[in-house]
Amino acid sequence: MNRLEQLIQELCPEGVEYVKLNTIAKRNSGTNITASQMKSLHKDGAPVRVFAAGNTIADVDYDAVPAKNVITTPSIITKSRGYIGFEYYFKPFTHKSEMWSYTVINEFTDTKFIYYYLLTKVNALQKKARSDSVKLPQLSIKDTDNIQIPLPPVSVQCEIVRILDNFTELTAELTRELTAELKARKKQYEYYRDNLLDFGDKSQMMPLGDILKIKNGKDYKAFNAGDIPVYGTGGIMTYIDTFAYDKPSVLIPRKGSLDKLYYVDKPFWTVDTIFYSEININKAIPKYVFYCLQKERLNKYNTAGGVPSLTQTLLNKVEISVPSLPEQERIVKILDRFVKLCNDISEGLAAEIEARKQQYEYYRNKLLTFKEVSHEKL
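Letter 14 of the sequence shown, counting from 1, is numbered 0 in my numbering, and no numbers are missing.
In case anyone wonders, no lab produced these hints; they're calculated from the structure.
Predicted model, so just to flag it, every value in this text is computed and none were measured.
Each residue gets a CB set at the ideal place from its N, CA and C atoms; glycine is no exception.
Take these hints with a grain of salt, some might be off.
Unchecked claim - No more than 25 Å apart at the CA atoms, straight line, and that leaves these computed lysine to aspartate or glutamate pairs for DMTMM-like:
1. 326 x 245
2. 246 x 131
3. 246 x 305
4. 98 x 358
5. 303 x 187
6. 98 x 258
7. 286 x 196
8. 172 x 358
9. 12 x 131
10. 199 x 167
11. 352 x 96
12. 326 x 93
13. 6 x 30
14. 303 x 258
15. 113 x 93
16. 204 x 251
17. 98 x 159
18. 107 x 93
19. 98 x 3
20. 65 x 340
21. 199 x 49
22. 281 x 167
Said to hold, decoys possible - Using C-beta positions, here's what the derived DEER-type ranges look like:
23. -8 x 180: 34 to 44 Å
24. 327 x 201: 40 to 50 Å
25. 20 x 202: 48 to 58 Å
Turn these sequences into a full structure, and let the hints steer you where they fit.
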């Protein structure tokens, strides 16, 4: 029997009492601050953290927000809009007024224990927030105030916190290692691709305008639903019953993430934020052009001061090396094999990260599941 089991058997063998969150914790209101103010007031290393929706934060000086709204005791912040969740924070902080936080006021309750327990409720709260809101998921104060919290003896709470802190750190460390491995594989691929496509022969260079025609995308809303993918800068947006082009093509963002290229070899449609290309297959293999443009890193051709943008005129002047078609085919086969290998490894690592996350959540939920004591025995 481990220490936690011993403590439970000794101190609460019949179960534990459940109480509403708002009976053991004070709910804190936030401060009125806009996103633009957060951005302008932010200073790296400033002592007060301001939380906003999702994962948006700003670090500000004490005089940037009203002193009455600054919380200096370890507390739990409720992410109540859009992304639903909780965050434990132990340094000075505040948050936007549409959010709220909890500071434990019961001396027999460990704040970190409450935080870990609330994490077990996130999925249910996310579903409730979606069902109650026609737009962005939104929790109400009563949704969290009324959460029933188990209250085992403090020594049991502290032992659970110790176990979960250790497990959290181990899981985070493994995730960091796997994420670093994913990045390393991507860099390895890019290095290999760039070297394979570096011929050092200027005589083989040709402007894109001599190899392909760049075409504009159009609105798709007049068409019916179907199985033809509609591409924008971020990828597939929807599916319709009409295609703009049905031959292999490289899709090049016109606005936004300029390095997010797509190779498509089935019928498709594009909107006006992304170009598609009609490639002269007597000069270049479409997949070869795709790899060359990946190597070219089109971000450097940005022509706008705000949202990154590319123009047809500029793209037509971009030069790539164009060896013989058999040589292009050889290179494409090599890079296809390398991409498959990297993708297989990446998918395996991503699956491992997800498995570790699920393992942690399962273990956490098991630790935080208690039998409720019968009130007849209280």
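Consistency of the hints with the structure:
no.	hint	verdict
1	326 x 245	holds, 20 Å
2	246 x 131	violated, 44 Å
3	246 x 305	holds, 19 Å
4	98 x 358	holds, 21 Å
5	303 x 187	holds, 18 Å
6	98 x 258	violated, 49 Å
7	286 x 196	holds, 21 Å
8	172 x 358	violated, 50 Å
9	12 x 131	holds, 10 Å
10	199 x 167	violated, 38 Å
11	352 x 96	holds, 18 Å
12	326 x 93	violated, 57 Å
13	6 x 30	violated, 38 Å
14	303 x 258	holds, 21 Å
15	113 x 93	violated, 32 Å
16	204 x 251	holds, 19 Å
17	98 x 159	holds, 20 Å
18	107 x 93	holds, 23 Å
19	98 x 3	holds, 18 Å
20	65 x 340	holds, 22 Å
21	199 x 49	violated, 58 Å
22	281 x 167	holds, 21 Å
23	-8 x 180: 34 to 44 Å	violated, 59 Å
24	327 x 201: 40 to 50 Å	violated, 33 Å
25	20 x 202: 48 to 58 Å	violated, 37 Å
Checked against the numbered hints given earlier, this structure breaks hints 2, 6, 8, 10, 12, 13, 15, 21, 23, 24, 25; the rest are met.
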